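These protein sequence lines map, in sequence, to chains A and B.
Quick note: the first sequence uses our numbering, first residue 1, plus one each step.
Quick note: the second sequence uses our numbering, first residue 1, plus one each step.
If you are wondering where the hints come from, they were derived from the structure by calculation, not from laboratory data.
Be a bit skeptical, because a hint or two may be false.
If you want the footprint, here are the derived chain A segments under chain B, 3+ residues with CB under 8 angstroms [claimed, not checked]:
{"#": "1", "stretch": "29-35"}
{"#": "2", "stretch": "48-61"}
{"#": "3", "stretch": "82-96"}
Straight-line alpha carbon distances no greater than 20 angstroms define the calculated SDA-like cross-link-like pairs of lysine to any residue that follow [what the hints assert, rightly or not]:
{"#": "4", "chain 1": "B", "residue 1": "K200", "chain 2": "A", "residue 2": "A107"}
{"#": "5", "chain 1": "B", "residue 1": "K200", "chain 2": "A", "residue 2": "A34"}
{"#": "6", "chain 1": "B", "residue 1": "K200", "chain 2": "B", "residue 2": "R189"}
{"#": "7", "chain 1": "B", "residue 1": "K639", "chain 2": "B", "residue 2": "P50"}
{"#": "8", "chain 1": "B", "residue 1": "K505", "chain 2": "B", "residue 2": "M183"}
{"#": "9", "chain 1": "A", "residue 1": "K140", "chain 2": "A", "residue 2": "A107"}
Beta-carbon label-pair distances, calculated as ranges [unchecked claim]:
{"#": "10", "chain 1": "A", "residue 1": "G146", "chain 2": "B", "residue 2": "Q235", "range": "43 to 51 angstroms"}
{"#": "11", "chain 1": "B", "residue 1": "P123", "chain 2": "A", "residue 2": "E136", "range": "28 to 36 angstroms"}
{"#": "12", "chain 1": "A", "residue 1": "A200", "chain 2": "B", "residue 2": "P83", "range": "31 to 39 angstroms"}
Values in this document were obtained by computation on a predicted structure and should not be read as measured data.
Backbone N, C-alpha and C define an ideal beta-carbon position, used for all residues, glycine too.
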Amino acid sequence: MKRRAFLLALCGAMLASTRLAGAAAPDLLAAVAARLSDAPVIHGRFEQTRRLSGFANPLVSRGDFVLARERGVVWSTREPFASSLLVTPERLVMRGADGRVQQQMQADAQPAMRVVGESVIAVLRGDLQTLSARFEVAGKLAGKNGWSLTLTPRDAAMRRVFARIELAGDRFVRDVRLEEAGGDSTHVKLIDPSAATRLAADEEPRFE
Amino acid sequence: MATGKPLRGLSPLERVLAVGWLLLVIALAAHQLQFWRASRLDTDVMALLPTSQRTATADRVLRRLADGVSREIVVLVGAPDWPAARAAAQRFSAATQPRASLLQPVDRIASFDLDAALAFYRPYRDRLLTDSQRAMLGHADADALARQALTRLYQLSTGPRLTGWAADPLGLWQDWWLSRAAMTRVHERDGLAALSAEGKEWVLLTYRISKPAFSVSGDTDYADLLRLATRAAQQGGGVQVVAAGIPLHAEAAAAQASVEMNVIGWGSLAAVLLLVWLAFRSLRPIVLVGLSLLVGTAAAVSVTALVFERVHLITLVFGASLVGVAEDYGIHYFVSRQASPGATPPQVMRRLLPGMALALSTSAVAYLALGIAPFPGLRQMALFSAVGLVAAFLTVVFWFPLLDRGQLRQTRLSSWLTASLARWPRVGAERRSLLLLGLLALFVVPGLWQVRVADDVRQLQSSPPALIEAQRAAGRLLGTPSPAQFLLVRGATPDQVLTREEQIKQALAGVVARGGLDGFVAISDWVPSAARQRADAALADGLEGAVRERVARAVGGAVGAAGAAPAGQVLTLPAWLAAPVSDTLRHLWLDREGDGYASVMLLRGLDKPATLALIEAAAATVPGVEWVDRVADLSALLKHYRVLMTWLLAAGAAAVALLLAWRYGRGAWRALVPTLLAALFSVALLGWLHVPLQLFSVLALALLLGVGVDYGIFLLEHPGDGESWTAIVLGAASTLLAFGLLALSSTPALHAFGMTMLSGVGAVWLLSPWFRPRAAPHGGR
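Please model the entire structure based on the sequences and the hints provided.
Shown next, in the form of structure tokens:
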């Protein structure tokens, strides 16, 4: 009798645990999304550290960024070499220090660009809905406001690019680690992000 | 019916011939059984077209290109936005799912192994440059390139790199792949093959058929299933579905031919038998005439199958109209029997034989004239008809005297017809004749004025317009190059072929830049010539080394050397052909061709006619490159034979005129003029109906000359003889009906043929008695 009750309890526990594991991801996503700001504009500074195979030293760059909902992101590297990158779902434009376009890609001509653009924006905004379409999301909440997530690609195309993406933050995404499939890695720290209701006058033209 | 002395009145020779013919017919029946079981029928329009030494390679290419997709059906599901298109495509797939054994889905995305392709090309990375990279690197300076490289290194990482930075510091390889990917409009999206075009998002679904699309029964399993799935997909609003593929054309052709063969064949047979019944009111003529037609048709099918191996559907559709012509001999025989109750069947036959043999030979010659043009399709039709006529004729000659017993009474119809000739008006220098001639001129002259000529090989295409439109839409959306227009590149060695491909691409770069052409599908895009690979490697390696060095200095510290590739070694064509990566393009390599090698280059986005001349001119500047335009070639050929046949027709008319003059002297015009007027009348009718005059109408006119003059001959031969008139009326009525039914065919060529014959034979029939000579005082034979 006792033995049977024990077995039942065990089964119940197992059922409960599978149910918990199955439910964890959507709950977690919702919880993280609730902690994230959905401000129309987020700007701040960044420090990026890239470790590339074949390079003895890491490449460290600093600058500032502007994220605008529905528009995309402008990534302005200030040092060691000035340049800016505009990423929208439709296009990708890189400008040199002189403001001249160095490289441009249109999603119309190269549909793969759309995935890249959407993913970059989603990572920086912490747009979990978009990301969970392409990545398995696991992670945990930390403290009262914090959270950290690990994204692993769902499909072969994405696996060709990333081995893993790690995000951490609170109201804002503050820390991004991109582990590329080829072994290179990038660590981006977003510093002093702040929300705004609209783009500043000098920020607007950078999205053109 | 049979009497106690079945062989009464037959000579020994006649008996031997009758038995001999029986043996042949038995052999025929055996062959028929085997033929229909094997179903060696052809639906391919290509099979109807001529080949020659000059075009043999082109046709081989065309067949090869078609073979690759001959079992493939592509479906494009489009909607205003991607989620709607994806959902519609899912509904479509779900609807075809239960019949997956019939229509097997092909996953194009999963079947392309990008990783394997990357691995295959990786050792040759620096030997593969795009045109714009080559131009850019040609006058780039290492300092500027190094600055750009540093900018990118310190920018936000935007993901995909196909190699480590050091292996490809200029990021050349990725652009090379992107420009390869840009050659197709189809890209992967959410695991589906997708494209954006004409303001819509599309999902491309590919299927492979599991059973032959062609069926003698005329079932349309594939079209039915696709229609069902299309309805499912269209449950969402604004969804458009385009289904195309060779199997659908084959299936439609088979279904249509099945209907047309039945309508024309059974329709004319029913009409012939009804006429025979009305004229003779006896079962015997019906059975015997039916027998002669059966033997004629079976012999036609068998002999055509033996000579051509495969019988084309269009031949059978055309051949079905034979029933309306081959019945003449049987009817002639019974009309004569009816008119001379005293003579035995063999006596009647012996009396008729010379005239019938002459009529047979003129008709057979007229049919065989169709085969002058070297179109296998026309030759099949010519042979089919001539054999059918001869076999029906022999059945009448050998068997009718044997099988036909008893008497035939005059019937009301035959008496009325016999008497009707005397009541028919005759042309003369009086008001009514002049009025009629005036009216005829009023119809014919403006009609002829409106005649336009057209020589379009698509006249042979019988596919329903909706299917052709779907095919065109799919081609437009997918940017599929036409398989009938291409560049044929020859060279002494495989590498020379590749070099020449590169030269013609260079020569056409201006046309591409001006938008006359989207680009090419060429092997040299995937395997550049050895010389080009070496030049590109030299260009890239020098600059990459310099950039690597400068970047290393700028970031302070060493940058590892490139993943070294075997120097001097290039990607070769045999290596490429042997690898799975060449699967989709291997058919472009023709390998040994004459005493060298050859390949095919297809042209993308070739929809501006003005571009054709530019391409032809550019092709002429590169040795070994030939511009092949099969559509234009074949249309030119159709024109050539239309003109040739027109002259032959004129010569034939002159020959007939001489023959008639020799036989009938000054009265000869009475036999010829009705046919000539009828020919003018039918051409004028084409003008009024805005049906262009083309080879098939001219061929119909040739047949009309052969058949029409006969009516005049009979009336001249027996002036005032109502009996020949009865035979003419009965024969012409069934001929008219058979060609009238042929005019219903949806194959433009057969339609034109039927139309021309219908109006021509109808006019001859009405005009011949009008031009008949005055009745002789006593109608003696």
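For each hint, the structure was consulted:
Under a criterion of three residues with beta carbons nearer than 8 angstroms to beta carbons of chain B, the stated coverage of the stretch 29-35 of chain A fails, only 0 such residues being counted. Counting residues of the stretch 48-61 of chain A whose CB falls under 8 angstroms from any CB of chain B gives 10; the rule of at least 3 is met. As drawn, the stretch 82-96 of chain A meets chain B at 6 residues by the rule of a beta-carbon pair under 8 angstroms; at three or more, the given contact holds. Of the pairs offered as hints, the one joining K200 (chain B) and A107 (chain A) holds, with about 15 angstroms between alpha carbons and a cut-off of 20 angstroms not exceeded.
With a CA separation close to 36 angstroms, the supplied pair K200 (chain B) and A34 (chain A) exceeds the 20 angstroms bound. Proximity of K200 (chain B) to R189 (chain B) is assessed by CA-CA distance (about 14 angstroms); at most 20 angstroms being required, the pair is judged to hold. Proposed proximity of K639 (chain B) and P50 (chain B) is supported: the alpha carbons are some 14 angstroms apart, at most 20 angstroms. Distance check on the hinted pair: K505 (chain B) and M183 (chain B) sit about 14 angstroms apart at the alpha-carbon level, within 20 angstroms; holds.
Distance check on the hinted pair: K140 (chain A) and A107 (chain A) sit about 34 angstroms apart at the alpha-carbon level, beyond 20 angstroms; violated. The hinted window of 43 to 51 angstroms between G146 (chain A) and Q235 (chain B) holds, with their beta carbons roughly 46 angstroms apart. The beta-carbon spacing between P123 (chain B) and E136 (chain A), approximately 34 angstroms, falls within the hinted interval of 28 to 36 angstroms. Taking 31 to 39 angstroms as the suggested C-beta distance range, the pair A200 (chain A) and P83 (chain B) conforms, at roughly 34 angstroms.
Checked against the numbered hints above, the structure violates hints 1, 5, 9; every other hint is satisfied.
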